[in-house]
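S.K.: Listed below are the residues making up each chain.
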Amino acid sequence: MFRKILIANRGEIAVRVIRACRELGIPAVAVFSEVDREARHVRLSDEAYGIGKAPAAQSYLNIERILDTAERCGADAVHPGYGFLSENAKFAEACADRGIKFIGPPASAVRAMGIKTRAREIMSAAGVPVVPGALTATARPSEAAAIAHELGYPVMLKAAAGGGGKGMRLVGGPGELAGAWAQAREEARKAFGDPAVYVERAIVRPRHVEVQILADEYGTTVHLGERECSLQRRHQKVLEESPSPLVERRPEIRGRLYDAAIAAARAVSYANAGTIEFLMDEEHRFYFLEMNTRLQVEHPVTELVTGIDMVRQQIRIAAGKRLEFSQEDVQPRGHAIECRIYAEDPRLGFMPSPGFIRRMSMPDGPGVRVDLGANEGWTVPIEYDPLIAKLCTWAGTRQEAIARLRAALRETSVEGIATTIDLFRALVEDAQFQAGDVDTEFLERELPSTLARLPEASGSARLAAMLACVKWTKEQAGSKTVRPARAGSRWGRVGRRSMLGDWSRDE
Amino acid sequence: MFRKILIANRGEIAVRVIRACRELGIPAVAVFSEVDREARHVRLSDEAYGIGKAPAAQSYLNIERILDTAERCGADAVHPGYGFLSENAKFAEACADRGIKFIGPPASAVRAMGIKTRAREIMSAAGVPVVPGALTATARPSEAAAIAHELGYPVMLKAAAGGGGKGMRLVGGPGELAGAWAQAREEARKAFGDPAVYVERAIVRPRHVEVQILADEYGTTVHLGERECSLQRRHQKVLEESPSPLVERRPEIRGRLYDAAIAAARAVSYANAGTIEFLMDEEHRFYFLEMNTRLQVEHPVTELVTGIDMVRQQIRIAAGKRLEFSQEDVQPRGHAIECRIYAEDPRLGFMPSPGFIRRMSMPDGPGVRVDLGANEGWTVPIEYDPLIAKLCTWAGTRQEAIARLRAALRETSVEGIATTIDLFRALVEDAQFQAGDVDTEFLERELPSTLARLPEASGSARLAAMLACVKWTKEQAGSKTVRPARAGSRWGRVGRRSMLGDWSRDE
Amino acid sequence: MSDHKLVVDGQNFSLRTGPGVCATDGRQVTTDIARAGDGLYSVIVDGRQHFVSVSPPCDGSLTACTAGLTFRIAVVDPRQLPAAAANAGSEGVGQVRAPMPGKVVAVLVKEGQSVKSGQGLVVVEAMKMQNEMRAASGGTVASVAVRPGDPVAAGDILASIA
Amino acid sequence: MSDHKLVVDGQNFSLRTGPGVCATDGRQVTTDIARAGDGLYSVIVDGRQHFVSVSPPCDGSLTACTAGLTFRIAVVDPRQLPAAAANAGSEGVGQVRAPMPGKVVAVLVKEGQSVKSGQGLVVVEAMKMQNEMRAASGGTVASVAVRPGDPVAAGDILASIA
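Protein chains in written order, with our numbering: chain A, 61 to 567; chain B, 61 to 567; chain C, 5 to 166; chain D, 5 to 166.
Hints listed in this document are in silico derivations from the structure and should not be mistaken for laboratory results. Hints may contain errors.
Stated by the list, open to error - From the derived model, a few chain D residues whose C-beta atoms are all more than 10 Å from chain A:
#1 K9
#2 V25
#3 G30
#4 A40
#5 G51
#6 Q53
#7 A157
As the list claims (entries may be wrong) - Which chain B residues face chain C? A few, computed with CB under 8 Å, are given here:
#8 V102
#9 R103
#10 F385
#11 E388
#12 G437
C-beta: ideal position from N, C-alpha, C; glycine also.
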């Protein structure tokens with residue numbers, strides 16, 4: 061086993077990996093940028109070292125600095141978490157060059173799956189269904205138009221090097237194609253340094269279903285069941301569950317789905333943890349979307365139903381151990397749901413809301429798992445992704461897991477910044493969500509009516525709130541200065557605004 | 061189902077019941093004494109009402125006041141938690157008189173199991189093994205001496221009305237009998253208003269193993285496996301696990317143990333949740349100890365391995381529902397351990413340590429369950445029992461559950477009062493505990509050597525602590541006043557002291 | 005007894021408070037308020053307890069949280085009523101403010117330039133996402149208060165449209 | 005540079021601190037301390053970060069917690085050294101103090117009464133448990149400071165033995 065593991069990440073996932081290391085008896089080393097000195101992952105680590113300034117390029121993406129730190133503190137393995145360097149083949153290779161084990165798949169698998177057109181070719185050859193369309197990028201708009209015509213509109217233009225929603229355009233008809241093609245290329249060039257774009261048939265109202273796999277370095281590959289992640293905003297997941305409510309209703313799909321996932325992993329000689337993402341159309345046909353060659357944000361729902369600690373398995377596999385269980389040992393139990401608590405305001409189109417966390421309380425008790433990446437009295441930095449906590453519930457059935465989630469959300473609060481907590485409070489009351497009947501466009505389509513489902517306040521609670529505010533105001537009048545909230549106003553007056561750029565690829 | 065449930069309790073168990081109510085869609089009403097106005101169970105309830113002064117007799121034991129509150133707020137059921145009124149047959153009857161459902165067993169079962177000699181008779185008749193000894197109380201010391209002579213020393217004198225270690229005396233030989241008999245009677249009279257005492261053979265180095273049962277009101281009784289609770293101080297549990305490491309090693313015992321538990325429950329026409337406690341001797345023979353006719357503190361370990369929400373089942377059963385699963389559906393998975401975080405100082409013989417909680421942090425993440433009954437910035441009152449939180453870990457194996465517990469304890473801290481956290485930190489390093497090889501006297505016998513196993517500090521951590529203290533002192537010199545800690549010094553200088561009285565019966 | 009005017013989530017309320025009682029909507033109830041920490045209150049209304057957390061004001065409103073509910077409450081000081089009303093009316097009409105802390109990555113307009121409703125003015129980046137702040141109505145750019153690279157706090161004025 | 009004497013869990017340490025450095029045991033290391041809240045510090049020693057929580061003093065010692073470890077640390081002010089030493093020597097010899105807050109339920113001795121080592125003096129109840137406070141050594145009861153029913157705080161003197 062490893063002597064010491066450096067975690068090249070921050071926030072809740074760094075905390076998650078620290079715990080797995082500690083349970084294996086391996087000291088866990090955190091790294092931090094200047095603004096993260098007091099961050100939760102730093103507080104909970106065994107050792108922590110500064111690696112540079114706030115912008116990620118100068119710290120969490122600084123390969124040399126990270127590997128120097130690993131050498132200096134005697135770490136013989138690095139866990140990349142998700143995002144940042146986790147799907148960077150160069151980083152995996154740089155680790156190998158220094159004799160440090162990269163806890164993840166072989167660089168070749170990372171590279172093969174990183175180029176979407178290449179991945180489509182490999183999957184196609186392995187018999188894994190891909191969305192109908194081109195296997196290679198199109199060099200000219202006329203070529204794209206010909207493919208689109210053959211596929212039938214609507215079609216989707218996608219960046220070959222892409223992911224995370226960037227360089228993607230939905231094209232409804234032939235008239236829109238040329239303009240969309242130019243825009244997608246420009247966006248892809250900016251985001252990935254590669255303008256290549258290819259054409260796929262657009263799946264209408266798709267559902268996102270993915271299969272978790274684990275493979276050891278001796279060719280043994282098992283799946284840990286599926287997850288459904290159809291609740292998204294900006295092509296980014298917001299709520300995930302396992303098992304998929306759709307697959308539960310159509311169990312005949314399940315075997316084929318798992319077989320496809322295992323075939324996909326084998327096709328790139330995969331080792332360690334990975335996820336094969338599929339889109340499912342309205343006729344319940346599924347198509348390979350992409351493979352994430354790393355730990356996923358939503359891995360806890362799989363852990364809750366299977367009882368298997370995935371990060372522990374990742375570390376064991378990287379240390380050259382064989383899988384300690386077989387496919388038959390994987391026996392899912394019950395249902396789990398994860399809510400991503402983002403520092404974003406769902407009422408303002410998921411506008412970021414970094415800032416000072418004045419007060420925070422998270423639920424505990426039966427069937428509740430929280431993976432917290434922030435602390436009360438800490439300032440959520442403006443530089444990184446907005447995930448501050450994950451709230452999961454588990455119960456024997458999906459209906460009970462939702463009831464438990466509703467109860468847990470009642471106990472969840474973050475004061476000082478806007479978060480997605482209220483969105484989840486509204487979602488658990490939504491009939492379509494309760495029925496498990498949502499697609500990846502549901503959230504953006506139905507958000508206003510969903511948010512309107514927030515529970516009403518009782519008159520007694522409102523009166524108590526009013527009395528407390530009168531009392532607070534009197535107390536302040538007694539003292540000298542009234543300090544305004546430190547940061548992160550959700551009430552700032554703005555003109556209309558829209559999202560321009562988008563998330564970089566970290567889920 | 062019920063319209064509204066009043067929880068006649070406080071602390072972590074009131075919080076636990078509030079959650080079960082909420083998940084069933086039933087409003088949960090908390091009650092509180094004057095010192096508990098800001099308590100966690102009050103904060104998390106749907107409604108909360110004051111019921112009197114701090115001493116329990118004037119609030120949490122005040123049957124009239126509690127039932128008046130239930131009527132006034134429209135509650136049609138009462139959950140008693142554990143301790144307080146939970147095993148008070150008169151309370152169960154008073155509820156029935158007012159048309160309020162008592163969420164627990166029939167008053168007749170409570171009464172039958174409340175008198176230890178009566179319970180022994182019933183169990184004996186039902187074929188459940190009891191500790192060899194008298195089935196009835198002895199009126200004269202000579203009679204006790206005759207029985208003791210026949211059983212063979214050492215013997216145990218126990219209060220007939222008793223429980224919780226009161227009115228109990230170990231007698232090593234005939235010379236000690238008369239004195240011990242008088243003392244036990246006096247203690248029993250004081251504690252229970254009944255001096256009756258009976259004689260049992262003393263089990264040497266016994267282990268405490270108990271079986272959880274659930275029975276509906278239509279005669280269906282199932283067990284949810286066993287728990288081992290051999291780690292005790294003053295006959296009160298400190299750490300519990302499921303399954304029992306002893307029973308795991310001797311699986312041939314298991315079937316007989318479960319049969320005995322089911323027979324015990326059926327013998328008193330039991331309904332709702334109950335626990336049959338057994339002592340196990342060095343030859344692994346087990347003997348009925350007592351039946352707890354209520355929810356136990358340690359129910360979470362059973363919930364973690366079975367996936368069954370016991371409080372939910374309690375409420376369903378009380379509402380007249382049939383059990384929704386059969387014995388075959390109960391399929392335990394993995395191993396769970398519970399640590400009771402008491403406001404007590406293990407270094408001072410478990411001296412109580414109520415007071416102001418200056419800072420507190422609890423672990424979260426995979427396989428960790430916390431049931432918190434206190435808050436940062438809250439004062440643990442001097443009037444009630446010292447349980448402020450329960451920390452449980454679950455994992456696939458006992459060894460992994462211990463590793464996870466070690467990691468979780470590293471993240472657990474309560475500042476301002478002394479707690480048992482350090483005791484658990486030491487215990488997870490103890491070879492005997494790791495081997496699952498402890499009896500009920502282990503903790504008191506081995507405490508000093510166990511505490512000596514606390515992990516050593518690194519020089520770097522010590523230096524950082526020193527620098528922080530120097531900095532703190534400078535800051536204080538800059539400001540005007542130095543406020544001492546508010547309460548709960550663990551460092552108060554005392555002469556030698558001993559425990560005199562003991563716990564009232566609430567586990 | 006003292007009288008208070010409050011605006012709760014945009015709705016006006018009158019509240020009369022006295023020792024142990026308060027009245028609103030013509031209904032009088034018994035009350036008891038205890039402080040339970042910085043900005044934390046235990047409020048008993050007609051025997052029923054509520055735990056309320058009050059956060060300092062933003063844009064003149066307090067945030068009060070209780071039992072999973074959030075209220076925006078402005079306690080209006082009677083002496084300042086006309087001023088507050090005037091202020092409320094004047095605020096925000098032509099000003100474009102930063103809705104969150106971040107960094108200005110682009111300024112898309114110049115002073116004196118005429119803009120249409122919905123036209124992008126300034127791009128602010130936070131948490132790896134770029135947000136374009138747009139004009140709420142057409143007009144002329146009266147002033148631009150920021151330059152690319154400037155850090156901005158929530159509520160800072162970015163530009164004004166006259 | 006400034007010099008400090010500290011007592012850490014009963015052991016004496018000398019510490020010399022200066023800007024960005026400190027020395028102890030003849031070894032010099034680089035340091036950086038940032039305040040992270042009330043009594044919270046981020047301390048970097050030779051590049052390695054430690055998060056330390058400091059609690060106000062009890063009996064003259066601070067409690068410092070870091071990474072699951074607890075230290076009792078007394079920072080000795082050099083100007084008060086003799087006084088502190090004298091105080092440390094005199095304290096607690098014949099005084100019996102309450103180890104925790106609670107309520108006096110019985111006083112077992114009277115002033116002037118002679119007591120043996122280990123004899124019970126006062127019974128204090130807390131959290132439903134009765135604790136008998138006993139004499140650490142034999143002597144005469146010089147004073148009894150409490151009566152049955154009195155509430156006591158941690159550290160309050162219950163009785164003195166001369």
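S.K.: Look at each hint and say if it fits the structure.
M.R.: A quick look at each hint next to the structure:
A cut-off of 10 Å between C-beta atoms confirms that D:K9 is not in contact with chain A; the least separation is 29 Å. Listed as a non-interface residue, D:V25 keeps its Cβ farther than 10 Å from every Cβ of chain A; the least gap is roughly 17 Å. Even its closest Cβ contact with chain A, about 24 Å, leaves D:G30 beyond 10 Å, as expected for a residue assigned away from the interface. With a closest Cβ-Cβ approach of about 4 Å to chain A, D:A40 is found to fall inside the 10 Å limit, against its non-interface label.
Non-interface status of D:G51 relative to chain A is broken: a Cβ of that chain comes within 10 Å, the nearest being about 5 Å off. Distance check for D:Q53 against chain A: the nearest CB is about 4 Å away, which does not clear 10 Å, and the non-interface claim fails. Every Cβ of chain A is farther than 10 Å from the Cβ of D:A157; the closest lies at roughly 27 Å, confirming the non-interface assignment. About 6 Å separates the beta-carbon of B:V102 from the nearest beta-carbon of chain C, less than 8 Å, and the hint is met.
At about 4 Å, the closest approach between the beta carbon of B:R103 and any beta carbon in chain C falls short of 8 Å, and the interface hint on this residue holds. A distance limit of 8 Å between C-beta atoms decides the matter here; for B:F385 the minimum to chain C is near 31 Å, and the interface restraint is violated. Interface restraint check for B:E388: the shortest CB-CB distance to chain C comes to about 39 Å, outside 8 Å, so the restraint is violated. A hinted interface residue such as B:G437 counts as satisfied when its beta carbon comes closer than 8 Å to some beta carbon of chain C; here the least separation is about 5 Å, so the hint holds.
Violated hints for the displayed structure, listed by number in ascending order: 4, 5, 6, 10, 11.
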